[in-house]
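Spelled out from the first residue to the last, the chains are:
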Amino acid sequence: MGGTPTDIKLIDENGLRVDGRRPDEMRPIKIEAGVLKRADGSAYIEWGGNKVLAAVYGPREAHPRHLQNPAKAIVQCKYNMASFSVGERKKPGPDRRSIEISKVISEALESVIFVEQFPRTSIDIFIEVIQANAGTRCAGITAASVALADAGIPMRDLIPAVASGKVAGTLVLDMNKEEDNYGNADLPIGIIPRTREIVLMQMDGNLTIDEFNKLLDMNISACMKIYELQKEALKKKYSPVPVETPTAVLEEKKKVGEEKDNQ
Amino acid sequence: MNEIDEKKTDKGGNSSGERQDERREERREYRRDERKDRYGGHMRGGYKGERRERVEKRESEGRDEIRIDIKDEEIADTETVREIVVPGDLLDGEELRAGVGTYKDDDGKIYASQLGIKNTRANYVNVIPLAGRYMPRAGDSVIGKVVDIGPSNWLIDINAPYPAPLHVSETPWKVEFGDTGRYLGLGDMVLIRVVNVDETKHVQVSMSGPGLRKLVGGHIIEISHSKVPRVIGKGGSMISLIKKYTKCRMFVGQNGRIWIDGEPEEIYLASRAIEKIENEAHVIGLTDAMDKYLSEEVKKIRGKVVTEEVEEKESEEDSENLVEEHEEESDESGREEREE
Numbered sequence: 001m002g003g004t005p006t007d008i009k010l011i012d013e014n015g016l017r018v019d020g021r022r023p024d025e026m027r028p029i030k031i032e033a034g035v036l037k038r039a040d041g042s043a044y045i046e047w048g049g050n051k052v053l054a055a056v057y058g059p060r061e062a063h064p065r066h067l068q069n070p071a072k073a074i075v076q077c078k079y080n081m082a083s084f085s086v087g088e089r090k091k092p093g094p095d096r097r098s099i100e101i102s103k104v105i106s107e108a109l110e111s112v113i114f115v116e117q118f119p120r121t122s123i124d125i126f127i128e129v130i131q132a133n134a135g136t137r138c139a140g141i142t143a144a145s146v147a148l149a150d151a152g153i154p155m156r157d158l159i160p161a162v163a164s165g166k167v168a169g170t171l172v173l174d175m176n177k178e179e180d181n182y183g184n185a186d187l188p189i190g191i192i193p194r195t196r197e198i199v200l201m202q203m204d205g206n207l208t209i210d211e212f213n214k215l216l217d218m219n220i221s222a223c224m225k226i227y228e229l230q231k232e233a234l235k236k237k238y239s240p241v242p243v244e245t246p247t248a249v250l251e252e253k254k255k256v257g258e259e260k261d262n263q
Numbered sequence: 264m265n266e267i268d269e270k271k272t273d274k275g276g277n278s279s280g281e282r283q284d285e286r287r288e289e290r291r292e293y294r295r296d297e298r299k300d301r302y303g304g305h306m307r308g309g310y311k312g313e314r315r316e317r318v319e320k321r322e323s324e325g326r327d328e329i330r331i332d333i334k335d336e337e338i339a340d341t342e343t344v345r346e347i348v349v350p351g352d353l354l355d356g357e358e359l360r361a362g363v364g365t366y367k368d369d370d371g372k373i374y375a376s377q378l379g380i381k382n383t384r385a386n387y388v389n390v391i392p393l394a395g396r397y398m399p400r401a402g403d404s405v406i407g408k409v410v411d412i413g414p415s416n417w418l419i420d421i422n423a424p425y426p427a428p429l430h431v432s433e434t435p436w437k438v439e440f441g442d443t444g445r446y447l448g449l450g451d452m453v454l455i456r457v458v459n460v461d462e463t464k465h466v467q468v469s470m471s472g473p474g475l476r477k478l479v480g481g482h483i484i485e486i487s488h489s490k491v492p493r494v495i496g497k498g499g500s501m502i503s504l505i506k507k508y509t510k511c512r513m514f515v516g517q518n519g520r521i522w523i524d525g526e527p528e529e530i531y532l533a534s535r536a537i538e539k540i541e542n543e544a545h546v547i548g549l550t551d552a553m554d555k556y557l558s559e560e561v562k563k564i565r566g567k568v569v570t571e572e573v574e575e576k577e578s579e580e581d582s583e584n585l586v587e588e589h590e591e592e593s594d595e596s597g598r599e600e601r602e603e
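Just so you know, the protein sequences line up as chains A and B, in that order. First residue of the first sequence: 1, per this note's numbering; consecutive thereafter. First residue of the second sequence: 264, per this note's numbering; consecutive thereafter.
Treat the hints with care, as some may be off.
[Stated by the list, open to error] Here are the simulated EDC-like cross-link-like pairs (lysine to aspartate or glutamate), alpha carbons at most 16 Å apart as the crow flies:
#  : chain 1 : residue 1 : chain 2 : residue 2
1  : A       : Lys37     : B       : Glu346
2  : B       : Lys464    : A       : Glu61
3  : A       : Lys72     : A       : Glu61
4  : A       : Lys214    : A       : Glu32
5  : A       : Lys237    : B       : Glu543
6  : A       : Lys103    : A       : Asp124
7  : A       : Lys236    : B       : Glu346
8  : A       : Lys72     : B       : Glu462
9  : B       : Lys408    : B       : Glu462
10 : A       : Lys72     : A       : Glu110
11 : A       : Lys78     : A       : Glu110
12 : A       : Lys177    : A       : Glu46
13 : A       : Lys30     : A       : Glu228
14 : A       : Lys177    : A       : Asp19
15 : B       : Lys408    : B       : Asp461
16 : A       : Lys78     : A       : Glu32
17 : A       : Lys225    : A       : Glu25
18 : B       : Lys490    : B       : Glu543
19 : A       : Lys237    : A       : Glu32
20 : A       : Lys37     : B       : Glu541
21 : A       : Lys237    : B       : Glu346
22 : B       : Lys464    : A       : Glu116
23 : A       : Lys51     : A       : Glu25
24 : A       : Lys9      : A       : Glu178
25 : A       : Lys72     : A       : Glu107
26 : A       : Lys235    : B       : Glu346
27 : B       : Lys510    : B       : Glu541
28 : A       : Lys72     : B       : Glu346
29 : B       : Lys477    : B       : Asp461
30 : A       : Lys30     : A       : Glu46
If you're looking for bench data, these hints aren't it; they were derived computationally from the structure. If you're wondering where the values come from, they're calculated on a predicted model, not measured in any experiment.
Construct all of the structure, not just a fragment, from the sequences and the given hints.
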């Protein structure tokens, strides 16, 4: 990750990045809740070049039984990258990296779920990276917390997450693939927006304390924006809330039906 | 609600009758409340049977007229507007207490813990969940499926995160040790009641009690348990409507399983009706819409021979406005049939 030499000019004369963004600019994010019918809750996120699907099952009986905790639910997250998600085909199956990411995401999410309400159960989260372009763990945790809320699981708050880092000596927010590969450092964090508690933080590369603090501030303010998108996605699933009279509802239906027929 | 929970842990097994009464009362209130929330702010208390009149009035005379119509108590009740909240949303009102689907944080403020609809009742602020799994509660009548057989008990799947063991002593039969398989086999459906749920969520169920039995024949359909109050309707209005039209025997379990028995066409109609309710649970005036839907569908099944009850219902509602709606309704249902 950190500091592979390259010919690519990561920051140009105007201070813009390889994809034309300003250093403090995020990639476009699109979140959709409840995309899968069979899962108890689900979410899909498109974040720049990342495409990530999250599904939640449970709370359900934990298997094998020795994993059950009589005091609380266990949160089991499985982060997986599709073999076609990256340029060079990735060997399928869990590897060191995905096991680590699964663990940190499980722990981050467990900290917001009211696990003590569901003793002896497990809450299973599946994060599938369909297309990767740096920052998939952040996209994964962002989608997973929307999926958890969609599954009706009681939790303290949603968790937005974002990664920033240092590229060619400049501090940049939400790095893309090139910046991640040839940058100097990266710092993914996930927070509880209201209390600003940090529930996930990892770092790769070298940063001074000043740089670290600056990146942290950048990340937190970016997380607040992502948080709004998460809430919007959840509310969108249940709106527009029909407030019409029954007659109006029926007319609306008729129109929709006609459109269907025309198609 | 907290009071009841405390009682449960304090007293343990005794005074179950009393508790069940309370629970029933609570559930009734809950149901009523949910309706209030649903209609609140938009219908202005229009759920009390005069819905149609109110709607017509609104169309002809405008909103201000309707406001005058409301009784004081109804204003208080309908102040809550249907507002969707997500986990972490601040629910205002520090003088209020945290109800279901909420939590009080260290800062003393109340936040939503679940995705749902905000609702304020009495001193409590609640979130009525839009999703989530069924959690068994003492007093619930549920439909379960036998998934395992032991020498002196059966393991029942009640569509919850926890399987429920049904002991032979909790059945109406006298079962010899190891003879359990002769009474209930794998896959049998049973109508049981949740007797108790302890802190570690161990579920006790019983099949001895009025109406509790093994379900023989009929069909089982599954809906989301959060839609159960809508399928039952206010004071059982919706379910009795379906029963009346389809002549089916039905039972709705609190866990979202519904048992229907009757003529094949009528079972099919009843299950379509329930599916419609589940999909349109948010629609205002659903009971009336279902009334029309069912009367049309029943006519199709039985040809021109319509029962007296149905005819009566029709003449009651006869007005130009309604006839139009009937036509729309039949168009739609016709399309539905083709699709299926």
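Hints, verified against the model:
1. Lys37(A) <-> Glu346(B): 24 Å, violated
2. Lys464(B) <-> Glu61(A): Holds. Lys464(B) to Glu61(A) sits at ~11 Å (cutoff 16 Å).
3. Lys72(A) <-> Glu61(A): This hinted pair holds, its Cα atoms lying about 12 Å apart.
4. Lys214(A) <-> Glu32(A): It is violated: about 31 Å lies between the C-alpha atoms, which goes past 16 Å.
5. Lys237(A) <-> Glu543(B): This hinted pair holds, its Cα atoms lying about 14 Å apart.
6. Lys103(A) <-> Asp124(A): 12 Å, holds
7. Lys236(A) <-> Glu346(B): OK: Lys236(A) and Glu346(B) at ~12 Å, within 16 Å.
8. Lys72(A) <-> Glu462(B): The given pair, whose Cα atoms are some 11 Å apart, holds under the 16 Å limit.
9. Lys408(B) <-> Glu462(B): 24 Å, violated
10. Lys72(A) <-> Glu110(A): Satisfied, since the Cα-Cα distance of roughly 10 Å is no more than 16 Å.
11. Lys78(A) <-> Glu110(A): 13 Å, holds
12. Lys177(A) <-> Glu46(A): 15 Å, holds
13. Lys30(A) <-> Glu228(A): Between Lys30(A) and Glu228(A) the Cα gap is close to 12 Å, so the pair holds against 16 Å.
14. Lys177(A) <-> Asp19(A): 10 Å, holds
15. Lys408(B) <-> Asp461(B): Violated, at about 21 Å.
16. Lys78(A) <-> Glu32(A): 20 Å, violated
17. Lys225(A) <-> Glu25(A): 12 Å, holds
18. Lys490(B) <-> Glu543(B): Roughly 10 Å between the alpha carbons, so the hint for Lys490(B) and Glu543(B) holds.
19. Lys237(A) <-> Glu32(A): 8 Å, holds
20. Lys37(A) <-> Glu541(B): The given pair, whose Cα atoms are some 15 Å apart, holds under the 16 Å limit.
21. Lys237(A) <-> Glu346(B): The given pair, whose Cα atoms are some 13 Å apart, holds under the 16 Å limit.
22. Lys464(B) <-> Glu116(A): Roughly 11 Å between the alpha carbons, so the hint for Lys464(B) and Glu116(A) holds.
23. Lys51(A) <-> Glu25(A): 19 Å, violated
24. Lys9(A) <-> Glu178(A): Answer holds: Lys9(A) to Glu178(A) is near 10 Å, not above 16 Å.
25. Lys72(A) <-> Glu107(A): 14 Å, holds
26. Lys235(A) <-> Glu346(B): 10 Å, holds
27. Lys510(B) <-> Glu541(B): 20 Å, violated
28. Lys72(A) <-> Glu346(B): This hinted pair is violated, its Cα atoms lying about 31 Å apart.
29. Lys477(B) <-> Asp461(B): Between Lys477(B) and Asp461(B) the Cα gap is close to 25 Å, so the pair fails against 16 Å, i.e. violated.
30. Lys30(A) <-> Glu46(A): Measuring from Cα to Cα gives roughly 5 Å; hence the hint holds.
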